[in-house]
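Going down the list, the sequences are from chains A and B. Anchor point for the first sequence: position 179 equals 236 in this note's numbering, and the numbering is continuous, going up by one each time. Anchor point for the second sequence: position 92 equals 149 in this note's numbering, and the numbering is continuous, going up by one each time.
The set of hints was computed from the structure by calculation and includes no laboratory data. Do not take every clue at face value.
No copy is singled out in the list; a pair is fine if it fits within one copy or between any two copies.
[Stated by the list, open to error] Below, in silico cross-link-like pairs of lysine-lysine (DSS-like), each with a Cα-Cα straight-line distance of 30 angstroms or less:
(1) Lys114 x Lys87
(2) Lys312 x Lys375
(3) Lys386 x Lys304
(4) Lys288 x Lys264
Protein chains: 2
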Amino acid sequence: MDCRAKWVAGGETSDPIVISSRVRLARNLKGIPFPGAMSSKEGSEVLSRVATLLEQKAPHGYEVFYMAKMPQVERLALVEEHLISYDLANKTEGAVAISRDGATSVMLNEEDHLRIQALLPGLSLEEAWQTADSCDDFLEAELDFAFHEDYGYLTACPTNVGTGMRASVMLHLPALVESRQIGRLLAAIGQFGLMARGLYGEGTEAKGSIFQISNQVTCGIAEDEIVRNLKAVVEQIKAQEQAHLQKMVALQRAKIEDRVYRALGLLTNARVLDSSEAMVLLSELRLGVSAGLLSLPVGVLSELLVLMQPGVLQTVNKVNLDALERDIKRGEIVRRRLLEVLGREKQ
Amino acid sequence: MDCRAKWVAGGETSDPIVISSRVRLARNLKGIPFPGAMSSKEGSEVLSRVATLLEQKAPHGYEVFYMAKMPQVERLALVEEHLISYDLANKTEGAVAISRDGATSVMLNEEDHLRIQALLPGLSLEEAWQTADSCDDFLEAELDFAFHEDYGYLTACPTNVGTGMRASVMLHLPALVESRQIGRLLAAIGQFGLMARGLYGEGTEAKGSIFQISNQVTCGIAEDEIVRNLKAVVEQIKAQEQAHLQKMVALQRAKIEDRVYRALGLLTNARVLDSSEAMVLLSELRLGVSAGLLSLPVGVLSELLVLMQPGVLQTVNKVNLDALERDIKRGEIVRRRLLEVLGREKQ
Numbered sequence: 058m059d060c061r062a063k064w065v066a067g068g069e070t071s072d073p074i075v076i077s078s079r080v081r082l083a084r085n086l087k088g089i090p091f092p093g094a095m096s097s098k099e100g101s102e103v104l105s106r107v108a109t110l111l112e113q114k115a116p117h118g119y120e121v122f123y124m125a126k127m128p129q130v131e132r133l134a135l136v137e138e139h140l141i142s143y144d145l146a147n148k149t150e151g152a153v154a155i156s157r158d159g160a161t162s163v164m165l166n167e168e169d170h171l172r173i174q175a176l177l178p179g180l181s182l183e184e185a186w187q188t189a190d191s192c193d194d195f196l197e198a199e200l201d202f203a204f205h206e207d208y209g210y211l212t213a214c215p216t217n218v219g220t221g222m223r224a225s226v227m228l229h230l231p232a233l234v235e236s237r238q239i240g241r242l243l244a245a246i247g248q249f250g251l252m253a254r255g256l257y258g259e260g261t262e263a264k265g266s267i268f269q270i271s272n273q274v275t276c277g278i279a280e281d282e283i284v285r286n287l288k289a290v291v292e293q294i295k296a297q298e299q300a301h302l303q304k305m306v307a308l309q310r311a312k313i314e315d316r317v318y319r320a321l322g323l324l325t326n327a328r329v330l331d332s333s334e335a336m337v338l339l340s341e342l343r344l345g346v347s348a349g350l351l352s353l354p355v356g357v358l359s360e361l362l363v364l365m366q367p368g369v370l371q372t373v374n375k376v377n378l379d380a381l382e383r384d385i386k387r388g389e390i391v392r393r394r395l396l397e398v399l400g401r402e403k404q
Numbered sequence: 058m059d060c061r062a063k064w065v066a067g068g069e070t071s072d073p074i075v076i077s078s079r080v081r082l083a084r085n086l087k088g089i090p091f092p093g094a095m096s097s098k099e100g101s102e103v104l105s106r107v108a109t110l111l112e113q114k115a116p117h118g119y120e121v122f123y124m125a126k127m128p129q130v131e132r133l134a135l136v137e138e139h140l141i142s143y144d145l146a147n148k149t150e151g152a153v154a155i156s157r158d159g160a161t162s163v164m165l166n167e168e169d170h171l172r173i174q175a176l177l178p179g180l181s182l183e184e185a186w187q188t189a190d191s192c193d194d195f196l197e198a199e200l201d202f203a204f205h206e207d208y209g210y211l212t213a214c215p216t217n218v219g220t221g222m223r224a225s226v227m228l229h230l231p232a233l234v235e236s237r238q239i240g241r242l243l244a245a246i247g248q249f250g251l252m253a254r255g256l257y258g259e260g261t262e263a264k265g266s267i268f269q270i271s272n273q274v275t276c277g278i279a280e281d282e283i284v285r286n287l288k289a290v291v292e293q294i295k296a297q298e299q300a301h302l303q304k305m306v307a308l309q310r311a312k313i314e315d316r317v318y319r320a321l322g323l324l325t326n327a328r329v330l331d332s333s334e335a336m337v338l339l340s341e342l343r344l345g346v347s348a349g350l351l352s353l354p355v356g357v358l359s360e361l362l363v364l365m366q367p368g369v370l371q372t373v374n375k376v377n378l379d380a381l382e383r384d385i386k387r388g389e390i391v392r393r394r395l396l397e398v399l400g401r402e403k404q
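Can you make the complete structure from the sequences, with help from the hints?
Structure representation (structure tokens):
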């Protein structure tokens, strides 16, 4: 199995601040209890009905992966690509259908029967919304979704009732972190019905200055309004990040350049590289691109962010490695890819 | 003024462990008190007699530099090149005559009237001894040296009486430092009449795992015996360093490679580089060459060891820089030189 998520592999974004945009829709089948309460037989029924539909009739074509049939390391890889959640990876009845272009994934039997996700590189919320919406339209024409006239789509968790929609963006905000503006800013977005989390969802740390920002409210607001609202706030945050970054560079250009190029030096030379350090160093490169100090396609930085994760690293390279072997392999992958895009020979 | 010391610029050594070899002879003029007790007029007399001789009659040709006429930064540069001592740099009556090939320097009015030094790259004690000896022969034919039939050459400090000779080598011993064998070893060399010091002489730290080892005894032993004795011990130490290094690499090759290449990555990318860090990183590269993990002419590492020092850096580049500017310039010099020898384009 190779890396398949479009935001990773197919991403031709030039935006160093907005890494990716996601829209997710929660849906459930009428007449079957939510996954938390359903029997194993009901779980299988959900799988067979939806998976078959997506594999055989959906436009674009989907491939279905059953959690029960996948080695742990491959499930981990899907989590790292943001195609499935940690929760789904551990569910026996869980599965995911992934579109051939890697833009859409439909999780089956996670918290809800269906979670339709569209995930694209850069700031592309409208496109992600259209992508998820067209998958939803196709499925709704074939399936009977649990829907209430007053409340909208019914979901396992009340916070998702209504549109069942969560839109989110993954942002790289190093200048706001360093200027200590990030706390104030993330507190303020609550007023717009938004919330912030780390790279791998709720409760995870914002390593490498990466944050996910998403809508909290799913009910009493139209889908396109959710998208418009989030996009407007993200553009504000982006402008603030740029302003703070320009200020940092204006005040201490040599030191910032030094940080960026040291990171490049380490990433193109280290022989043993753990994922925490790689995360921090890739963040420095992204800052360098953002500040105009370094010329590098930012898509490669997103790609490496995922390729260097332990699950993807072992899955893509078809190997089982212990911690030190992974750190060696990670160093090799990062080094080769960066030297390749920098047009230098292999070291 | 450019870098002139032969061990730095002309060094075509391939020995990563023995950086340089030095032989120094202390001599005084008969009938004039030692520098510590002489009048300013007597000091001038020493200068005029010896300087004129070396400039006008000596084989190879010498250029004389008077401390009183040199800016502080240029005197510092000569100290950093190991052509003069810290003490001489601050003496009003002090001067140094340097041979055109940069192999011989004669300090005037340091602790003794004359200190003839020959300094060569690699383990080349016999050659250094011959070089110093032939300069001594030339001078002795023209001057009357203070000499006692029983004691030999008379010197200001009793520890130099006799041959007036000190032979020393500069060694890079990272594996012995890391395996904590260095303390035991340096204690043991005392038994052979030898002593150890840091890179810039007595009382200085052994930064970057560089040590100077020299003879303590100058009396009651012939010059060639001093050289033979020191050389034999150095060859022993060198063998031990190699053995420990091979053991380190055998036990944890990936980690050692990682250290070496990270150092290379930082040195070829840093935009701000202070001298302590540069020293440590250059030591890592030298270790890499020594262990066969990195292919690089070691002469370049000796060259950079000196070119990056604050005095040489400003003198060679004809600039006066504050601390941050020096660190930026140092980064540039080290980066360009390394990329040049690695055959890569400028970054």
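How the hints compare with the structure:
| no. | hint | in the structure |
| --- | --- | --- |
| 1 | Lys114 x Lys87 | within (21 angstroms within a copy, 108 angstroms between copies) |
| 2 | Lys312 x Lys375 | between (40 angstroms within a copy, 24 angstroms between copies) |
| 3 | Lys386 x Lys304 | between (37 angstroms within a copy, 24 angstroms between copies) |
| 4 | Lys288 x Lys264 | within (23 angstroms within a copy, 54 angstroms between copies) |
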